[in-house]
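Starting from the given sequences, assemble the full structure and let the hints guide the process.
Heads up: the sequence lines are chains W and L, in that order.
When you line the first sequence up against the working numbering, it's residues 72 to 272, in that order.
When you line the second sequence up against the working numbering, it's residues 72 to 272, in that order.
Everything hinted at is true.
So the derived list for chain W, only partly shown, Cβ under 7 Å to chain L, looks like this:
no. : residue
1   : Gly-77
2   : Arg-109
3   : Leu-112
Covered stretches of chain L (chain W as the covering partner; in silico rule of three or more C-beta atoms under 8 Å from a C-beta of chain W):
no. : stretch
4   : 107-113
5   : 122-129
I should point out that these hints are in silico values taken from the structure, not numbers from a laboratory.
Don't be surprised by glycine CBs; every beta carbon is placed ideally from N, CA and C.
Number of protein chains: 2
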Amino acid sequence: MAHTAGPEIEQLIQLLARLPGFGPRSARRATLHLIKKREVLMSPLASAMQRAFENVRTCSVCANVDTADPCGICTDVRRTGQGMLIVVEDVADLWALERSSVGPVLYHVLGGTLSPLDGVGPEDLNIASLNARVAAGGISEVVLAVNATVEGQTTAHYVTDRLAGQNVKITRLAHGVPVGGELDYLDEGTLAQALKARTDF
Amino acid sequence: MAHTAGPEIEQLIQLLARLPGFGPRSARRATLHLIKKREVLMSPLASAMQRAFENVRTCSVCANVDTADPCGICTDVRRTGQGMLIVVEDVADLWALERSSVGPVLYHVLGGTLSPLDGVGPEDLNIASLNARVAAGGISEVVLAVNATVEGQTTAHYVTDRLAGQNVKITRLAHGVPVGGELDYLDEGTLAQALKARTDF
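Here you go:
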C-alpha cells in the first residue's frame, strides 16, 4: 500500500544513505532538503560531484588525491627543496596536517595500515613506492605520522625496517598532552609519555 | 601555505557541508569516501542527483514532491475514492505516515506552520488550496496530522476555523503513550491525555 516517491527520489535516498555518517533517516532528510533547495544546492552539488568524478586523480608519486598528477604538493618547488617527507595512513591525515600549517613538507600516503586479520599486507600499501622515492634521493627526513594505534605503530615499525640502510633520518610525531586537554581525562600511557618527553619551561 | 585539494574537491566539500546533519568535518569525510568509491558511488550519486533535479516536481494539488504532477498519490483511484484527507506540515511527515501504512488516504502538505515571529502567515502556507480542495467536494474527513507543538496546534486551530461551514468532518491524531514507550519517561501532558482517552482492554 505504501506509496514511494518516484524512482529518482528513492534512488537518491538509497545512495545518500551510503555516505559515512548517513543512514536511511538522515538520507531522507537530506533528500528533502535537496529537493527544497533544488536550484541553489541540488543542481550545483550534482555538477560538482560530476566534475570531481571526471577530474580527480590519485597522485602517482604520493597517492594524494588531486586534479593533477603529480599532485600540487609533489610539484610545489617550495616543498621539494626542503627534503622533509611525512608518511601518513590516509589522505584525511594529509588534509589534517595541511590545515595545521605544518610548513613546506612533502607527503606519502600509505593507503591504510598493516592488518593481517583483515588481509592487508605490505604489498597492499604504498611502501615499495616510499622506498623507491627515498632511494631516488632528495629526502633528508621521513616523519612517520601514523595513528597512535596498534596497527599504526606496527606499520611504522615495518616501514622503518624497510627503510633501514637508506641515508635518511626517521622520526615520529611526539606523544603528549593535547593542546587544551585536561590531565584528568588523559589515559596513563599518554601521561607517562608526556612526562618522559618533558621540555624546559 | 596550506595546500588545497583542487577547486573541484573543495567545492564538493563546501556543498556537502550544507546538507542537514553535515558540517565541514563530516563533509570532508564524505568527500574522501566518495573519491575512494568514485566508480560505484560518486558517479551514480551525481547522476541520481541530476536526474532528480530534472524530474522532481511539486504536486499542484497537494504540494507533495514527485516526478509526476499531479503526484502518484493524488491520481491513485484507490485513494481518491475514500475521501479521507490528511493534512501534514511537511513532505517528511507524509513519508512517515506512508511508512506506517495508514491505508488509502490523500494528503495535503501545508508547507510549514504559522509563525508570526518568523513572518510566516496564512498566505505563506497551502491553506487556501486546502479550502478550495475541500469545497470542490469528494472529501468526507480532514485529519489534522500536524506536530504536537505550539506552532502545529495553532496552525491546526487556524485551519479548522477556515474550514468552518464546509460539510466535512475534522479530526486530529490521538495523543497517548508511544508504542514501546515507558511511562516513567513520558511528560505529564501526554500521560494526562492518555488517561483521558483510555480505551477498553
